[in-house]
Amino acid sequence: MSATLTLILIVVGAYLAAHVAFDWLARRFLIVSGAEYLILGILLGPQVSGLMSAEVVDAFAPFMTLALGWIGAVIGTQFYLPGLVRIPGAAYKVAFLEAILSMAVVAGPMALALSRLFDLTLEQVLLPAITLGAAAAASAPSGVALIARRLTRRGPLVRQLEINTAVDAFVAITTFGLLLCFAHAAPQGISRPPTATEWAVITIGIGCVGGTLFHLFVGGERNIDRLFISLAGAIILASGAAGYLQLSPLLPSLLVGAILVNTSRNREEIKQALFTVERPLYFVLLIFAGAAWRLPDSKAWLIAVPLFLITRSIAKVGSARLAARLSGMLPVLGADWGRALLGQGPLAIAIALNYLVHNNSLLPNIVFTATVASVLLTDLSSARLVQSVVRKQLRRVIPRSARETALPAPSPEEP
Amino acid sequence: MRRAFILALLFGGMQLILPLGTAGQGSQVLLAFGFLILGAYTVGEMAAAIRLPKLVGYLIAGAIFGPSVFGTISQEATDRLAPVGQLAIALIAFLAGSELRWGEVKQRGAALLKIMTVELALSFVALLALVYGLASFLPFLREAPPIHALAFALLFASIAIVHSPAATMGILTETAARGAVARTTLGVVLVADIAVVLLFSGALAIARALVPPATGAAGPSLAMVTWEIIGAVLVGSLLGGAVALYLRFVRRELFLFAILVAFFGAEIARLAHVETLLTLLTAGFVTENVSRRSEGEMLRHAMERSAAPVFVVFFALSGAKIDIEGVTTLLPLVLPIVLLRAGAIWAGTRLGARWAGVTGLEKRYVWMGLISQAGVAIALATVVATAYPGLGDHLRTLFLAVIAINETVGPILFRRALADSGEIPGAERPREAVLALASLRRRSPDDSSAA
Numbered sequence: 159m160s161a162t163l164t165l166i167l168i169v170v171g172a173y174l175a176a177h178v179a180f181d182w183l184a185r186r187f188l189i190v191s192g193a194e195y196l197i198l199g200i201l202l203g204p205q206v207s208g209l210m211s212a213e214v215v216d217a218f219a220p221f222m223t224l225a226l227g228w229i230g231a232v233i234g235t236q237f238y239l240p241g242l243v244r245i246p247g248a249a250y251k252v253a254f255l256e257a258i259l260s261m262a263v264v265a266g267p268m269a270l271a272l273s274r275l276f277d278l279t280l281e282q283v284l285l286p287a288i289t290l291g292a293a294a295a296a297s298a299p300s301g302v303a304l305i306a307r308r309l310t311r312r313g314p315l316v317r318q319l320e321i322n323t324a325v326d327a328f329v330a331i332t333t334f335g336l337l338l339c340f341a342h343a344a345p346q347g348i349s350r351p352p353t354a355t356e357w358a359v360i361t362i363g364i365g366c367v368g369g370t371l372f373h374l375f376v377g378g379e380r381n382i383d384r385l386f387i388s389l390a391g392a393i394i395l396a397s398g399a400a401g402y403l404q405l406s407p408l409l410p411s412l413l414v415g416a417i418l419v420n421t422s423r424n425r426e427e428i429k430q431a432l433f434t435v436e437r438p439l440y441f442v443l444l445i446f447a448g449a450a451w452r453l454p455d456s457k458a459w460l461i462a463v464p465l466f467l468i469t470r471s472i473a474k475v476g477s478a479r480l481a482a483r484l485s486g487m488l489p490v491l492g493a494d495w496g497r498a499l500l501g502q503g504p505l506a507i508a509i510a511l512n513y514l515v516h517n518n519s520l521l522p523n524i525v526f527t528a529t530v531a532s533v534l535l536t537d538l539s540s541a542r543l544v545q546s547v548v549r550k551q552l553r554r555v556i557p558r559s560a561r562e563t564a565l566p567a568p569s570p571e572e573p
Numbered sequence: 094m095r096r097a098f099i100l101a102l103l104f105g106g107m108q109l110i111l112p113l114g115t116a117g118q119g120s121q122v123l124l125a126f127g128f129l130i131l132g133a134y135t136v137g138e139m140a141a142a143i144r145l146p147k148l149v150g151y152l153i154a155g156a157i158f159g160p161s162v163f164g165t166i167s168q169e170a171t172d173r174l175a176p177v178g179q180l181a182i183a184l185i186a187f188l189a190g191s192e193l194r195w196g197e198v199k200q201r202g203a204a205l206l207k208i209m210t211v212e213l214a215l216s217f218v219a220l221l222a223l224v225y226g227l228a229s230f231l232p233f234l235r236e237a238p239p240i241h242a243l244a245f246a247l248l249f250a251s252i253a254i255v256h257s258p259a260a261t262m263g264i265l266t267e268t269a270a271r272g273a274v275a276r277t278t279l280g281v282v283l284v285a286d287i288a289v290v291l292l293f294s295g296a297l298a299i300a301r302a303l304v305p306p307a308t309g310a311a312g313p314s315l316a317m318v319t320w321e322i323i324g325a326v327l328v329g330s331l332l333g334g335a336v337a338l339y340l341r342f343v344r345r346e347l348f349l350f351a352i353l354v355a356f357f358g359a360e361i362a363r364l365a366h367v368e369t370l371l372t373l374l375t376a377g378f379v380t381e382n383v384s385r386r387s388e389g390e391m392l393r394h395a396m397e398r399s400a401a402p403v404f405v406v407f408f409a410l411s412g413a414k415i416d417i418e419g420v421t422t423l424l425p426l427v428l429p430i431v432l433l434r435a436g437a438i439w440a441g442t443r444l445g446a447r448w449a450g451v452t453g454l455e456k457r458y459v460w461m462g463l464i465s466q467a468g469v470a471i472a473l474a475t476v477v478a479t480a481y482p483g484l485g486d487h488l489r490t491l492f493l494a495v496i497a498i499n500e501t502v503g504p505i506l507f508r509r510a511l512a513d514s515g516e517i518p519g520a521e522r523p524r525e526a527v528l529a530l531a532s533l534r535r536r537s538p539d540d541s542s543a544a
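Protein chains in written order, with our numbering: chain A, 159 to 573; chain B, 94 to 544.
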């Protein structure tokens, strides 16, 4: 089968899945993961059936880069400054503390473990360990969004969860984006290769120029077609430039997305255009990510992967509790509110996939396998975890009569 | 000023980025794609500001940023962006097909055939005579025996009469013109496209009989050509039926669906060895005529929206393929060919229109929409270059020079024709067009298509 036809069939499959299976699963079973597409990708890929050969997967590398960029831009649209300034500082304190602590708690032990397991120096394993830390910091926003939609009014816990998923994404993307700058190999054929700081400036510069270009391009225009052309152009350009320079497309695109929503008068139309394409694109990315998966050569993955799963679970719950306690928010959020952040979501896969296809990466299959395993395990239950945490919190702080109106019982028919 | 700043920012950014990356990576294609969308669109807007078609701006941007001038877009990137061209052709064909309604085809089909027949015949004979007459001036035919010169003149003429559905649809999409001149031009271009494939196959068969190819490369047989045409109608009808069913029962995410239909149609046509353009044209026609009017319009609108960035890149890539140095070198030879072709199209269209009983604005302006040439001509020239590696390559180079001029001048003329005939919505209607329209209305009060 030709590569183009394969892609078409995959897109059709993902599209149908997105519109038929996704909505139904979310309504009926509170499953919002998309992890099933990862499994489908693994089954279609060279490791299992070989329906999608390694060449086909490689041929669509630009498409994967674009999908990464698109995901970054969608995340960037959450950072609308006039909305952000209305959120209390304590909420940011909790969110940043939780994200940074989670990342550090995972990256530290994983660095030690990887060093021991693969007989490498600590300096060598910093790159995969911090990547795992960044992937671990990411939390799935879909579960929180699904539960938030079911509530008649949002309490401080749900609002905190929404802030946390956004801040987790910001911290994960920024850390990973800057990490690739520090681990950048010197390009050939130039007299003085850029330093790590210069690569970081270039990464941020691509995002800022992409966003500025969009702003200049659109001007006072309100025509949706023109908006779409400039939107697509800015994201494609930023992702392509980052990919071409062996940098992460996630960070520049996040900046593009943030600039778009903060400078355009058509904020809602832009978000709508981004979201329309994002979901099918994400499922296609998951399928390709599954197809790109290779079983690690060393048996040590059997230890590294479970270790990552355990460390991440402890880190997320523990860091959330510690962050809430340090900020004086523990009574509001509850002791185990971090369980609602266990779902890992698309961003973790995006980071791991970006690391997998990066030229200069060490232990790429270990990092990718650990992340895929974690996403598969946590995403299926992410909405249920959020629901249980929210219900528990409601039971604690709201009288029984008010609770009934705040959180209606889940119904299979409920949209 | 703002546009110049965007271009400077884009170009400067690319100059900074390109030396730092690794050539041959997939992301380079993405980078080139993004650059072309924004860069070419900006140049297109600059062109529009001086009343040139945006499409010409895209072509100019491609030529300037392409391998022959600044080299911002490398040859490798242009080659790897070839699927964008296929997608654009598919979208163009589908959109063109969806412009045609069965009632209109029945009503105007005979007139279109008459105009097309006379125009193609006159152009073919004129160009055949010219190239045969110029053989002693063409470096690659100077030494060739007369029979060789005749064979190549035949091939040249059969390709040189090709029009450009892409440029025609590009201008119609850009201007949103839907009047009599627009519709007649589109009709002639589409019908001629099918006729030219048949004519070229015949010319190649004669050329092969006169001058057997040294490589022994097989040309298309009659059965193959027949299948290419009939198969395309069959495959296109099936695809159109499926699209109509989707519109009737699902009708969701039309933006993505439009791109998928175009990609799928092009790929199926390639795998079934049928004519891509005709397949998608038929699919668009069937969809439009089987679906309810509002459903067809919804899909057309979605397709126009999804096609917008693809068209920008497609025409920019066409511009990037223009070898400016080659065109300049061959200009003394190319100019008479271009002028004679334009003259033959003008005369042929007017004679054909008289035969068909078409008068007024159509008779006067349709020829201006038939000058453009692009992808189909290049594809046919490549077939000749493959069959006759030595002489065919020279012929292809000559063609590319002819096409470079026609694809730049053609859209300008077509836009001018649409503007002068008062068919561009929102544009000022020239006094001449108003008078012509009034005279037409006096003659046939029922015909309001020109309005």
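To be clear, the hints were calculated from the coordinates, so they are not data collected in a lab.
Check the hints yourself; a few may be wrong.
Stated by the list, open to error - Capping the alpha-carbon separation at 20 Å, the derived lysine to any residue pairs in SDA-like fashion look like this:
| hint | chain 1 | residue 1 | chain 2 | residue 2 |
| --- | --- | --- | --- | --- |
| 1 | A | Lys429 | B | Gly105 |
| 2 | A | Lys429 | B | Val198 |
| 3 | A | Lys429 | B | Trp448 |
As the list claims (entries may be wrong) - Take a look, some chain A residues computed to stay more than 12 Å from chain B by CB distance:
| hint | residue |
| --- | --- |
| 4 | Glu281 |
| 5 | Thr434 |
| 6 | Ser471 |
| 7 | Ser485 |
In this text, all values refer to a predicted model and were calculated from it rather than measured experimentally.
Ideal Cβ placement from N, Cα and C applies to all residues, glycine included.
Evaluation of the provided hints:
Between Lys429(A) and Gly105(B) the alpha-carbon distance is near 29 Å, which puts this suggested pair outside the 20 Å criterion. Restraint check: the Cα-Cα separation between Lys429(A) and Val198(B) comes to about 42 Å, which exceeds 20 Å; the hinted pair is violated. About 56 Å separates the Cα atoms of Lys429(A) and Trp448(B), which puts this hinted pair outside 20 Å; it is violated. Every beta carbon of chain B lies more than 12 Å from that of Glu281(A), the smallest distance being close to 25 Å; the non-interface claim holds.
Its closest Cβ contact with chain B, about 7 Å, brings Thr434(A) to no more than 12 Å, contrary to its assignment away from the interface. Ser471(A), annotated as away from the interface, keeps every beta carbon of chain B farther than 12 Å; the closest lies near 35 Å. A cut-off of 12 Å between C-beta atoms confirms that Ser485(A) is not in contact with chain B; the least separation is 41 Å.
Going down the numbered hints, you'll see the structure goes against 1, 2, 3, 5, while the others check out.
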